[in-house]
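Colleague: Below, each chain spelled out in residue letters.
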Amino acid sequence: DAKTTQPNSMESNEEEPVHLPCNHSTISGTDYIHWYRQLPSQGPEYVIHGLTSNVNNRMASLAIAEDRKSSTLILHRATLRDAAVYYCISTLNTGNQFYFGTGTSLTVIP
Amino acid sequence: NAGVMQNPRHLVRRRGQEARLRCSPMKGHSHVYWYRQLPEEGLKFMVYLQKENIIDESGMPKERFSAEFPKEGPSILRIQQVVRGDSAAYFCASSPGAGANVLTFGAGSRLTVL
Chain A
11 DAKTTQPNSM ESNEEEPVHL PCNHSTISGT DYIHWYRQLP SQGPEYVIHG
61 LTSNVNNRMA SLAIAEDRKS STLILHRATL RDAAVYYCIS TLNTGNQFYF
111 GTGTSLTVIP
Chain B
43 NAGVMQNPRH LVRRRGQEAR LRCSPMKGHS HVYWYRQLPE EGLKFMVYLQ
93 KENIIDESGM PKERFSAEFP KEGPSILRIQ QVVRGDSAAY FCASSPGAGA
143 NVLTFGAGSR LTVL
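Going down the list, the protein sequences come from chains A and B. Positions 11 to 120 (this note's numbering) are the ones given, in order, by the first sequence. Positions 43 to 156 (this note's numbering) are the ones given, in order, by the second sequence.
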């Protein structure tokens, strides 16, 4: 499986953009990059995923490096409700296994 | 359209008892995943199942733990002879099928072993 590396924690001021980095240097050509987040005392929820091109949805944007060895999740305006642990996952191309790391704990400062 | 349903939400067991955790996937989803989360830690993959088949159980402890996803009914994670170290939140997720699927998670079952 392609291992991902994320910072343990980050802080952001409310209403400012947040860039959450992820390294996946061993990613293979057909592995997708997924982001999930887990709010306190809740199950994880899907945020966004992509393969090669940058992706946007109502929650966030995903910027994927040209060599695909890293990606960045962008929250355009952080709110207090965005305080969560954010997980970056690279899925295996041979199946559907989703291996989560320890994620990045995002603190949003009012 | 109910999401992934897990029950019980909270389960208390004494050491040596059995714990059974149930997961009903979203309608139309045929793939189920189980994860364990210890306090203050990340999600650890346990097992990935399709209907009547275990696809990947590489994250399951070799003893006392088993999982099934029968043709009819929910997926069940069974822990025999529980120990205090089994105390954790157990999350189930489901997806529609092969490909770059999106996982939908349940709210989790929190097991406490006394």
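Heads up, some of the hints might be wrong.
On the chain A side, residues computed to face chain B include the following (Cβ under 10 Å) [to be verified]:
#	residue
1	Pro17
2	Ser19
3	His44
4	Tyr46
5	Ser51
6	Gly53
7	Pro54
8	Tyr56
9	Val95
10	Tyr97
11	Thr101
12	Phe108
13	Phe110
14	Gly111
15	Thr112
16	Thr117
DMTMM-like, lysine to aspartate or glutamate: derived pairs with alpha carbons at most 20 Å apart [what the hints assert, rightly or not]:
#	chain 1	residue 1	chain 2	residue 2
17	B	Lys86	B	Asp128
18	A	Lys13	B	Glu110
19	B	Lys69	A	Glu55
20	B	Lys86	A	Glu55
FYI, nobody ran anything at the bench for these hints, they're computed from the structure. For each residue, glycine too, the CB sits at the ideal point set by N, CA and C.
Colleague: Hints first: check each against the structure and report whether it holds.
Modeller: Evaluation of the provided hints:
1. Pro17: 13 Å, violated
2. Ser19: Since the shortest Cβ distance to chain B is 12 Å, the answer is violated.
3. His44: 8 Å, holds
4. Tyr46: Since the shortest Cβ distance to chain B is 7 Å, the answer is holds.
5. Ser51: 9 Å, holds
6. Gly53: With a closest approach of 4 Å, the Gly53 of chain A hint holds.
7. Pro54: Given a least distance of 5 Å, the restraint on Pro54 of chain A holds.
8. Tyr56: 5 Å, holds
9. Val95: With Cβ-Cβ at 7 Å, under 10 Å, it holds.
10. Tyr97: 7 Å, holds
11. Thr101: Given a least distance of 7 Å, the restraint on Thr101 of chain A holds.
12. Phe108: Holds, about 6 Å.
13. Phe110: 4 Å, holds
14. Gly111: 6 Å, holds
15. Thr112: It holds, given that the least Cβ distance between Thr112 of chain A and chain B is near 4 Å, below 10 Å.
16. Thr117: Since the shortest Cβ distance to chain B is 15 Å, the answer is violated.
17. B:Lys86 <-> B:Asp128: 13 Å, holds
18. A:Lys13 <-> B:Glu110: Distance of about 28 Å is beyond 20 Å: violated.
19. B:Lys69 <-> A:Glu55: Holds - the C-alpha atoms of Glu55 of chain A and Lys69 of chain B are around 17 Å apart, at most 20 Å.
20. B:Lys86 <-> A:Glu55: 15 Å, holds
Hints 1, 2, 16, 18 from the list above are not met by this structure, while the remaining hints are.
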